[in-house]
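Trainee: These are the residues of each chain, in order.
There are 2 protein chains.
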Amino acid sequence: MAKIESVSPLAPVGGFPDLPIIDGVTFSSLEAGVRYTGRTDVMLAELCPGSVVAGTFTTSSTRSAAVLDCQKKLGSDASGGAAIFVNSGNSNAFTGKSGLEAVGKITEAISSSLGINENRIFTSSTGVIGEPLKWERITTKIDALKAGLQPDGITGAAKAIMTTDTFAKGASAEVTVGGEKIKIAGIAKGSGMIAPDMATMLVYIFTDAKIAQSVLQDLVSRATNTTFNCITVDSDTSTSDTLIAAATGCTSAPEILAGTPEANNFFTALQSVMLELSHLVVKDGEGATKFVEVQVTGASSDADARKIASSIANSPLVKTAIAGEDPNWGRVVMAVGKSGAAADRDLLSIRFGDVLVAENGWVSPNYSEEAAASYMKNDHIILRVDIGLGASQCTMWTCDLTHGYITINADYRS
Amino acid sequence: MAKIESVSPLAPVGGFPDLPIIDGVTFSSLEAGVRYTGRTDVMLAELCPGSVVAGTFTTSSTRSAAVLDCQKKLGSDASGGAAIFVNSGNSNAFTGKSGLEAVGKITEAISSSLGINENRIFTSSTGVIGEPLKWERITTKIDALKAGLQPDGITGAAKAIMTTDTFAKGASAEVTVGGEKIKIAGIAKGSGMIAPDMATMLVYIFTDAKIAQSVLQDLVSRATNTTFNCITVDSDTSTSDTLIAAATGCTSAPEILAGTPEANNFFTALQSVMLELSHLVVKDGEGATKFVEVQVTGASSDADARKIASSIANSPLVKTAIAGEDPNWGRVVMAVGKSGAAADRDLLSIRFGDVLVAENGWVSPNYSEEAAASYMKNDHIILRVDIGLGASQCTMWTCDLTHGYITINADYRS
Numbered sequence: 000m001a002k003i004e005s006v007s008p009l010a011p012v013g014g015f016p017d018l019p020i021i022d023g024v025t026f027s028s029l030e031a032g033v034r035y036t037g038r039t040d041v042m043l044a045e046l047c048p049g050s051v052v053a054g055t056f057t058t059s060s061t062r063s064a065a066v067l068d069c070q071k072k073l074g075s076d077a078s079g080g081a082a083i084f085v086n087s088g089n090s091n092a093f094t095g096k097s098g099l100e101a102v103g104k105i106t107e108a109i110s111s112s113l114g115i116n117e118n119r120i121f122t123s124s125t126g127v128i129g130e131p132l133k134w135e136r137i138t139t140k141i142d143a144l145k146a147g148l149q150p151d152g153i154t155g156a157a158k159a160i161m162t163t164d165t166f167a168k169g170a171s172a173e174v175t176v177g178g179e180k181i182k183i184a185g186i187a188k189g190s191g192m193i194a195p196d197m198a199t200m201l202v203y204i205f206t207d208a209k210i211a212q213s214v215l216q217d218l219v220s221r222a223t224n225t226t227f228n229c230i231t232v233d234s235d236t237s238t239s240d241t242l243i244a245a246a247t248g249c250t251s252a253p254e255i256l257a258g259t260p261e262a263n264n265f266f267t268a269l270q271s272v273m274l275e276l277s278h279l280v281v282k283d284g285e286g287a288t289k290f291v292e293v294q295v296t297g298a299s300s301d302a303d304a305r306k307i308a309s310s311i312a313n314s315p316l317v318k319t320a321i322a323g324e325d326p327n328w329g330r331v332v333m334a335v336g337k338s339g340a341a342a343d344r345d346l347l348s349i350r351f352g353d354v355l356v357a358e359n360g361w362v363s364p365n366y367s368e369e370a371a372a373s374y375m376k377n378d379h380i381i382l383r384v385d386i387g388l389g390a391s392q393c394t395m396w397t398c399d400l401t402h403g404y405i406t407i408n409a410d411y412r413s
Numbered sequence: 000m001a002k003i004e005s006v007s008p009l010a011p012v013g014g015f016p017d018l019p020i021i022d023g024v025t026f027s028s029l030e031a032g033v034r035y036t037g038r039t040d041v042m043l044a045e046l047c048p049g050s051v052v053a054g055t056f057t058t059s060s061t062r063s064a065a066v067l068d069c070q071k072k073l074g075s076d077a078s079g080g081a082a083i084f085v086n087s088g089n090s091n092a093f094t095g096k097s098g099l100e101a102v103g104k105i106t107e108a109i110s111s112s113l114g115i116n117e118n119r120i121f122t123s124s125t126g127v128i129g130e131p132l133k134w135e136r137i138t139t140k141i142d143a144l145k146a147g148l149q150p151d152g153i154t155g156a157a158k159a160i161m162t163t164d165t166f167a168k169g170a171s172a173e174v175t176v177g178g179e180k181i182k183i184a185g186i187a188k189g190s191g192m193i194a195p196d197m198a199t200m201l202v203y204i205f206t207d208a209k210i211a212q213s214v215l216q217d218l219v220s221r222a223t224n225t226t227f228n229c230i231t232v233d234s235d236t237s238t239s240d241t242l243i244a245a246a247t248g249c250t251s252a253p254e255i256l257a258g259t260p261e262a263n264n265f266f267t268a269l270q271s272v273m274l275e276l277s278h279l280v281v282k283d284g285e286g287a288t289k290f291v292e293v294q295v296t297g298a299s300s301d302a303d304a305r306k307i308a309s310s311i312a313n314s315p316l317v318k319t320a321i322a323g324e325d326p327n328w329g330r331v332v333m334a335v336g337k338s339g340a341a342a343d344r345d346l347l348s349i350r351f352g353d354v355l356v357a358e359n360g361w362v363s364p365n366y367s368e369e370a371a372a373s374y375m376k377n378d379h380i381i382l383r384v385d386i387g388l389g390a391s392q393c394t395m396w397t398c399d400l401t402h403g404y405i406t407i408n409a410d411y412r413s
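Respectively, the protein sequence lines represent chains A and B. Each residue of the first sequence is one higher than the one before, starting from 0 at the first, in numbering that gives the first Met the number 0. Each residue of the second sequence is one higher than the one before, starting from 0 at the first, in numbering that gives the first Met the number 0.
These are calculated hints, taken from the structure and not from any lab test. Accuracy of the hints is not assured; some may be wrong.
Claimed, not checked - Chain B residues, not near chain A, derived (Cβ > 12 Å throughout):
id, residue
1, Ile-20
2, Asn-116
3, Gly-178
4, Gly-258
5, Asn-359
Claimed, not checked - Derived list of chain A stretches under chain B, where covered just means 3 residues or more per stretch with a C-beta under 8 Å from a C-beta of chain B:
id, segment
6, 333 to 343
7, 346 to 360
What the hints assert, rightly or not - Just the calculated beta-carbon pair ranges, DEER-fashion:
id, chain 1, residue 1, chain 2, residue 2, range
8, A, Ser-299, B, Gly-339, 21 to 27 Å
9, B, Phe-15, A, Arg-221, 42 to 48 Å
10, B, Asn-116, A, Asp-345, 25 to 31 Å
11, B, Asn-116, A, Ala-341, 31 to 37 Å
12, B, Gln-212, A, Gly-339, 49 to 55 Å
13, B, Ala-390, A, Asp-345, 41 to 47 Å
14, A, His-379, B, Thr-267, 35 to 41 Å
15, B, Pro-11, A, Glu-30, 49 to 55 Å
16, A, Gly-339, B, Lys-104, 30 to 36 Å
For each residue, glycine too, the CB sits at the ideal point set by N, CA and C.
Construct the complete structure from the given sequences, taking the supplied hints into account.
Mentor: Following this line, the structure appears as C-alpha cells:
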C-alpha cells in the first residue's frame with residue numbers, strides 16, 4: 000500500500016464527532032495484527048437481547064464470504080442478543096472455500112465467548128482481496144475484545160475499521176417520539192472502490208429505538224437509495240460492501256410502527272446520519288481535493304436522472320477538469336450525451352454553483368469565464384444540470400480525480 | 000492544454016507507415032490557425048465521381064453538428080464525386096445553431112471550389128467543445144487546400160487531424176479479387192475521451208474497391224463492432240466520433256458483391272486496417288505506458304462477455320494496478336463482480352499472459368507471484384478471464400491509467 004501520510008483536505012475540521020452513548024451497545028477494539036502493525040484492526044460490538052438487525056449489501060456477483068453469511072442471518076430470532084465483528088487489512092473475498100471456513104471459525108469463537116447464538120454474530124472483513132484470512136490471529140483475541148467492551152468505545156471502533164481512509168468517520172442524530180428521545184450513532188469506512196448501486200463499504204449504525212426488524216429494514220433500504228447508493232469515488236464496486244443497522248430497543252420511547260408520523264421522523268433522522276456518513280466517505284475519496292455534488296433535474300424519468308448523474312459523477316474527464324479548477328462544461332455535455340438517457344442538446348442548461356454557463360444548446364450569453372473559474376476554487380463544487388424534458392431528479396456526490404488517486408492505487412498491493 | 004512533449008512509449012517503432020496510393024483520392028493539408036499555431040490543422044480529401052461513402056458515428060445524444068450533417072448524407076447520389084474535410088482544434092460541438100451554420104459555410108465553400116454537390120461534402124471537427132468555430136479561418140483556405148491536392152498527401156492529412164495525439168496513425172492492407180489488387184489505406188486520430196459502443200474518434204478509410212454503398216456500409220458496421228467498439232481509454236465517449244470509409248471504384252478488380260467469398264476477403268482486409276488503427280488509438284491513450292488486451296471467454300452470452308470485458312477494461316483500479324506493474328487479480332475479480340453479468344466466483348479463472356493466477360474461487364495452487372510480477376513488466380499485457388459458464392467471448396483493448404492522464408486532463412482547457 001502506498002503510504003498516505005496526510006489527512007484528506009476535505010476532512011471535517013473538528014475531527015471525529017462526539018457520538019452519543021446508545022443504550023444496549025458496547026464496543027471494543029484492539030490490535031490483532033491481521034495485516035497492519037502499530038494500529039487497531041479489529042472491533043467488536045455487543046448488542047443486548049432483543050436487538051434487531053437490518054442491512055444492505057453489495058450486489059457484486061463475487062461478494063465476500065462474510066457478506067453472504069450476514070445476508071442470511073439478518074432476520075433471525077433476536078431474543079438472545081447479537082454481536083458485530085469487523086476486521087480490516089484482509090477482505091476475505093475470493094478466498095474459495097477457506098473464506099467461509101474463516102467466517103465460521105470467527106463467529107464460533109465469538110458465539111462461545113459471549114454466549115450468543117452463532118446465527119446472531121454478524122462479521123465484516125475489509126482490505127486486500129484474494130489472500131487467506133489468518134483467522135487464528137483473530138480468534139485468539141476474542142476474549143480480550145470481550146474484556147474491553149465499553150458503552151463509549153465507538154470512536155475506537157471507527158478507527159479499527161479504516162483501510163486507506165485518512166480519517167475516522169462518525170455521525171449522529173436524535174429524534175423525539177412520544178416525548179422521549181431516540182438516539183442514532185453511526186460509523187463508516189471507505190475511500191476507494193466506491194460506486195453507487197449497492198450498499199457501500201462498511202457502515203454500522205446503532206440506535207436505541209424500539210422497532211420491528213421488518214420496519215427497520217424497510218427504512219434502511221429506502222435511505223440507502225438516496226445516500227450510499229448516490230455516491231461514487233471511482234466507479235468501482237467493492238466485494239465487501241456492507242451496511243448494518245442495529246436497534247436495541249432500550250429507549251423509553253414507544254415502538255416505532257410502520258407508516259406512522261413517528262416512523263417518518265425516525266426515517267428523516269436515520270437518513271441524515273446515513274447521508275452524512277456517505278458524504279464523509281466521498282470526502283475521504285482516494286486523492287480527493289474537492290467534494291462535488293451533481294444535481295440533475297428535469298429528466299424524463301427517475302432512471303434517466305440517475306443515469307445522467309452517474310455518468311457525470313463517474314466521468315474521468317469531468318473529474319480531472321474539477322481537479323484542475325477548470326469550468327469545463329463541454330465535458331459535462333459529453334457525459335450527458337454518453338449516458339444513454341433521453342436528452343436534447345438545445346434544452347440543456349448547466350450551472351457551476353450559481354454561475355449559468357450553458358443554455359439553449361450553447362454557452363450562455365451572460366457567461367463569465369472569470370466568475371466560473373473563481374467558483375471552481377471552492378472545496379465544495381455544485382454542478383447543476385437541468386435536462387429540460389421532465390420533472391425527475393437525482394443528486395449524487397463524488398470527488399475530483401487527482402494524482403493522489405494514481406499514487407495510492409498504482410502500487411497498493413506491491 | 001497541457002503540453003505533452005514526448006511521444007507515447009507505445010508508438011510504433013518505425014514511425015508513420017508507407018501507405019499505398021489509392022487511385023481516385025487526393026489529399027491536402029495546411030495551417031488554418033483554427034486554434035493551434037505552428038502546425039497543420041485542416042485536411043481535405045477529394046474523391047472521384049462514383050465514390051461511395053459509408054460511415055459509423057457516435058451515439059451520443061449531444062453529438063456535434065458535423066456528425067449530424069454527415070449521417071444524413073451517407074447514401075446520397077455518388078455520381079458527382081465527394082470530398083472529406085476535417086479540422087482539429089475545435090469540435091464545433093454544443094455550439095447551438097451556430098454549429099450547423101458553420102458546417103453549412105464550410106461545405107458551401109468546398110462545394111463551390113471543387114464543383115461537387117454540397118450533399119457529398121463530409122466534414123468533421125475535433126478539439127474543444129462549446130466554443131464557436133471560426134469558420135472564416137477555414138473558408139478562406141479552401142482554394143489553397145484545393146491547389147495542394149496530391150495523391151500522396153495522406154501522411155500530411157493524418158498529421159493535420161491530431162489533437163492530444165502524440166503520433167500520427169495510419170494502416171493499410173491489400174486484397175486480391177479476380178486476380179487484381181484492391182488497396183485499403185486508413186488514418187485515425189484519438190487519445191482521450193475514448194470508450195466503446197460507438198464509432199470512435201476520427202477515422203478515414205480509403206479504398207479503390209468497386210462496391211455498392213450498402214455493401215460497404217454493412218462491412219464497415221460489422222468491422223466496427225469488433226474493432227473501434229472494443230477499445231477504451233477512459234470510458235468517456237466523444238461527441239464527435241466519426242468513421243468514414245470511401246470506395247472510389249478505380250481498381251481494375253471486379254465489383255465486390257454481398258455474400259461472396261470476395262466480400263469475405265475484402266472484409267478481412269478492411270477489418271485488419273480498422274483493428275490496427277483502433278489499437279494505435281489505444282497505444283496513444285492519454286498517459287498510456289501499457290497496451291492491455293482483455294480477453295473474456297466462457298461467458299453465458301455475447302452481451303455478458305462484452306459487459307465483463309468492458310467492466311475490466313474501464314476499471315480505474317485494474318488500470319492503476321497495471322500502471323504499477325502489480326498483478327492485482329483481486330481487482331479483476333472485483334470488476335467481474337460489479338459488471339452485472341452472470342458469474343460464479345468458483346468457476347472463474349484468471350491469467351496474466353500464460354501465468355494462471357486464480358481458479359476455483361481462489362488463487363491457483365501453482366501461482367507464482369514472481370512469474371506474474373515479471374510478466375507485468377511487459378509493454379503489452381494480456382489479461383485472460385474465463386467465466387466458466389458458456390461459450391461466448393469478447394476481446395477489448397485498453398491502456399493503463401497513469402499520472403500522465405491526470406496531467407493531460409487536469410488543465411486541458413485552462
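Trainee: Now tell me, hint by hint, if it's right for this structure.
Mentor: Going through the hints against the structure:
| no. | hint | result |
| --- | --- | --- |
| 1 | Ile-20 | holds (37 Å) |
| 2 | Asn-116 | holds (28 Å) |
| 3 | Gly-178 | holds (46 Å) |
| 4 | Gly-258 | holds (33 Å) |
| 5 | Asn-359 | violated (6 Å) |
| 6 | 333 to 343 | holds (count 10) |
| 7 | 346 to 360 | holds (count 4) |
| 8 | Ser-299/A <-> Gly-339/B: 21 to 27 Å | holds (22 Å) |
| 9 | Phe-15/B <-> Arg-221/A: 42 to 48 Å | violated (58 Å) |
| 10 | Asn-116/B <-> Asp-345/A: 25 to 31 Å | holds (28 Å) |
| 11 | Asn-116/B <-> Ala-341/A: 31 to 37 Å | holds (34 Å) |
| 12 | Gln-212/B <-> Gly-339/A: 49 to 55 Å | violated (29 Å) |
| 13 | Ala-390/B <-> Asp-345/A: 41 to 47 Å | holds (46 Å) |
| 14 | His-379/A <-> Thr-267/B: 35 to 41 Å | violated (55 Å) |
| 15 | Pro-11/B <-> Glu-30/A: 49 to 55 Å | holds (53 Å) |
| 16 | Gly-339/A <-> Lys-104/B: 30 to 36 Å | holds (33 Å) |
Hints 5, 9, 12 and 14 from the list above are not met by this structure, while the remaining hints are.
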